[in-house]
Amino acid sequence: MGILERNSRNIDNRCWNPGIKAFPVKNVYTAGVAGQRFFEELKENGKIYGSKCEKCGLTYVPARIYCEKCFDHLLEKDWVDVGIEGTIYSYTLVCKTKSGGPKEKPSIMAAIRIADGLLIHRLGDCREEELEIGRPVKAEFKPKQDRTGSIEDIMHFKPL
Amino acid sequence: MNKKVAIVGLGFSGFGTTTPDLSYREMIFEAATRCYEDAGGIHPQAIDSFVASSEDFMEGISIADEYVPDQLGAVLKPVHSITGDSLQGLASAMMQIKTGQQNIVAASAFSKVSNLSHHEHLVSYATDPVYIRPFNENPYFIAGLEMNRYLHETGTTRDQCAKVVLKNRYNALKNPGACYGARLELEDVTGAPALSYPLGIYDMSGHLDGAIVVLLASEERARELTDKPVWIKGIGWATDTPNLDSRIEGMGSAVYAKLASQQAYRMADINNPFNEIDFAEIDDTFSYKELQHLEALNLCGPGEAGRLLELGCFSPDGDIPVNVSGGSLGAGYLHEANGLQRLMEVILQLRGEAGPRQLLDVETGLAFAWRGVPTATGAAAVISTRP
Chain A
1 MGILERNSRN
11 IDNRCWNPGI
21 KAFPVKNVYT
31 AGVAGQRFFE
41 ELKENGKIYG
51 SKCEKCGLTY
61 VPARIYCEKC
71 FDHLLEKDWV
81 DVGIEGTIYS
91 YTLVCKTKSG
101 GPKEKPSIMA
111 AIRIADGLLI
121 HRLGDCREEE
131 LEIGRPVKAE
141 FKPKQDRTGS
151 IEDIMHFKPL
Chain B
161 MNKKVAIVGL
171 GFSGFGTTTP
181 DLSYREMIFE
191 AATRCYEDAG
201 GIHPQAIDSF
211 VASSEDFMEG
221 ISIADEYVPD
231 QLGAVLKPVH
241 SITGDSLQGL
251 ASAMMQIKTG
261 QQNIVAASAF
271 SKVSNLSHHE
281 HLVSYATDPV
291 YIRPFNENPY
301 FIAGLEMNRY
311 LHETGTTRDQ
321 CAKVVLKNRY
331 NALKNPGACY
341 GARLELEDVT
351 GAPALSYPLG
361 IYDMSGHLDG
371 AIVVLLASEE
381 RARELTDKPV
391 WIKGIGWATD
401 TPNLDSRIEG
411 MGSAVYAKLA
421 SQQAYRMADI
431 NNPFNEIDFA
441 EIDDTFSYKE
451 LQHLEALNLC
461 GPGEAGRLLE
471 LGCFSPDGDI
481 PVNVSGGSLG
491 AGYLHEANGL
501 QRLMEVILQL
511 RGEAGPRQLL
521 DVETGLAFAW
531 RGVPTATGAA
541 AVISTRP
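Listed in order, the protein sequences are those of chains A and B.
The working numbering puts the first residue of the first sequence at 1, with every later residue one more than the last.
The working numbering puts the first residue of the second sequence at 161, with every later residue one more than the last.
Don't read these hints as lab results, they were simulated from the structure.
Some clues are possibly wrong.
Example chain A residues on the side facing chain B (calculated, C-beta under 7 angstroms, incomplete) [what the hints assert, rightly or not]:
1) S90
2) S99
3) G100
4) L118
Cβ-to-Cβ under 8 angstroms is the rule here; a few derived chain B residues that face chain A [stated by the list, open to error]:
5) H281
6) L282
7) V290
8) N296
9) T350
10) A354
11) Y357
By construction, the Cβ of each residue, glycine as well, lies at the ideal position given by its N, Cα and C atoms.
My request is simple: use the sequences and hints to build the entire structure.
So, in structure tokens, the structure goes:
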């Protein structure tokens, strides 16, 4: 056992680049029962919904149809309008693009604490000194006609 | 179910930032060849079962587990893959022996990350497609969020994180299998551009190609195969919620590491890890992760890791040497083979085969791996020279 002969010149090392034969499958992603309604509320009413597990006393944001702690169903009655304000739980200045290259201007991503959930979103329209954990922020929505029923119907959160 | 399980063979291949001459399967073949030779020249026909750890998108082949057998000598044998870190694969291999189902089992893992054009896209693809991916951001922003929260909760400083980079890259200078060894100054790390502030580009480990194969055996077979067995005393693994929106505790601390290590310590009958573990090889994919993991693994109290690091507690001559190999920051990050890479150093140290970085009088070591962003999965193994 063992490798008897090895390539020792880079110029001889071949690899197959699939080009147009690369992974051809495209996916769509089902938002699901909870996601469907959560995004409808963002789009139609500019509201953020969570769901409260009565047993655990936890309010999930975004809303869900089950509690991940006690596995109870979260039903229609458990949906709660949690408002559009929260606090910065953590934030980061993203300085690289998705492909790893430099960004002209960093974007600010944050975990926004709303009830017992952390909505991951952008911070915008803010000064650097306003970036601090614990600071209250408020969602700013796109104009209604531009909303598509996506997490990006919220433009960003703005420090208060 | 109380059979003792030994590691009787270790082999590796690659360990370069690129490996243009070998396909990943040839790399595993080479690692397997070395492993079987290390176990006294066993032929794979004498091995009962095989476990690989992998992840389809790294290979670029769907159902990649079907491409596992031949490079391990496992054609027409029991084989399966664990889509997880290779310490989870090790646990699976170990259970096959503990149950008495098999006597000799090989476990393998590899990284051929240099074949990927943009690893970040793969990580991004692992984030929630409805709530996270639409932002189209560099996925390591999640590490930036975690680091900032960890610093906030514990009072750990940015400089203390940078000192993890200094320690591990310096340690790597004594490891011939490490690709990122360097003697750096604090400003080299803190003054470097940000990846996702407060996380700098040098706070993240660099990529590495490589394959590792280990051979496990029951006590009776281990004694026949080698005179230098090391023993798996305890193993554990755990996963926190995949949903970033409910990682309230998990954003600032490594809950998965706490739970995984509690399992492993319980099994190994370890009550006070600080006193009973001689050294540790733990995940340092990002600088802050080493500190966060040290605390979660109960090798120090909450928020103490940074200060103890500065006191030299985790240096090669400290109370608990941590990542003497250089860790992922110094050696390079092997993706799903991260766990076997941590384990490999523990095996070498316990056998006394770690060369210039050999620690003296070590009997019990801890290996701990995390599956990286965006996961919250960790696996821990306690390894000892004593059965």
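### Query
Taking 8 angstroms as the limit, does the beta-carbon of T350/B come near enough to a beta-carbon in chain A?
violated, 15 angstroms
#### Entry: Supplied contact hint for H281/B, tested at 8 angstroms Cβ to chain A
OK, holds: H281/B within 8 angstroms of chain A, min 7 angstroms.
### L282/B as chain A interface residue, shortest Cβ-Cβ below 8 angstroms
It is violated, given that the least Cβ distance between L282/B and chain A is near 11 angstroms, above 8 angstroms.
### Task
For the hint on S90/A, just tell me whether its beta-carbon gets within less than 7 angstroms of chain B.
Holds. Min distance 4 angstroms.
#### Entry: Restraint outcome when Y357/B is required to lie within 8 angstroms of chain A by C-beta distance
holds, 4 angstroms
### Query
Against chain A, with CB atoms and a cut of 8 angstroms, does the hint on A354/B hold up?
holds, 4 angstroms
### Message
Hint validation: V290/B versus chain A, beta carbon distance must be below 8 angstroms. Holds or violated?
### Response
holds, 6 angstroms
### Query
Do the numbers back the hint for N296/B, that is, is its least Cβ distance to chain A under 8 angstroms?
Where the cut-off is 8 angstroms and the nearest Cβ of chain A is about 6 angstroms from N296/B, the hint holds.
### Query
Does the CB of S99/A sit less than 7 angstroms away from some CB of chain B?
holds, 5 angstroms
### L118/A as chain B interface residue, shortest Cβ-Cβ below 7 angstroms
holds, 5 angstroms
#### Entry: Hint validity - G100/A Cβ closer than 7 angstroms to any chain B Cβ
Holds, because the Cβ-Cβ distance from G100/A to chain B comes to roughly 5 angstroms (cut-off 7 angstroms).
Hint compliance for this structure: hints 6 and 9 are broken, all remaining hints hold.
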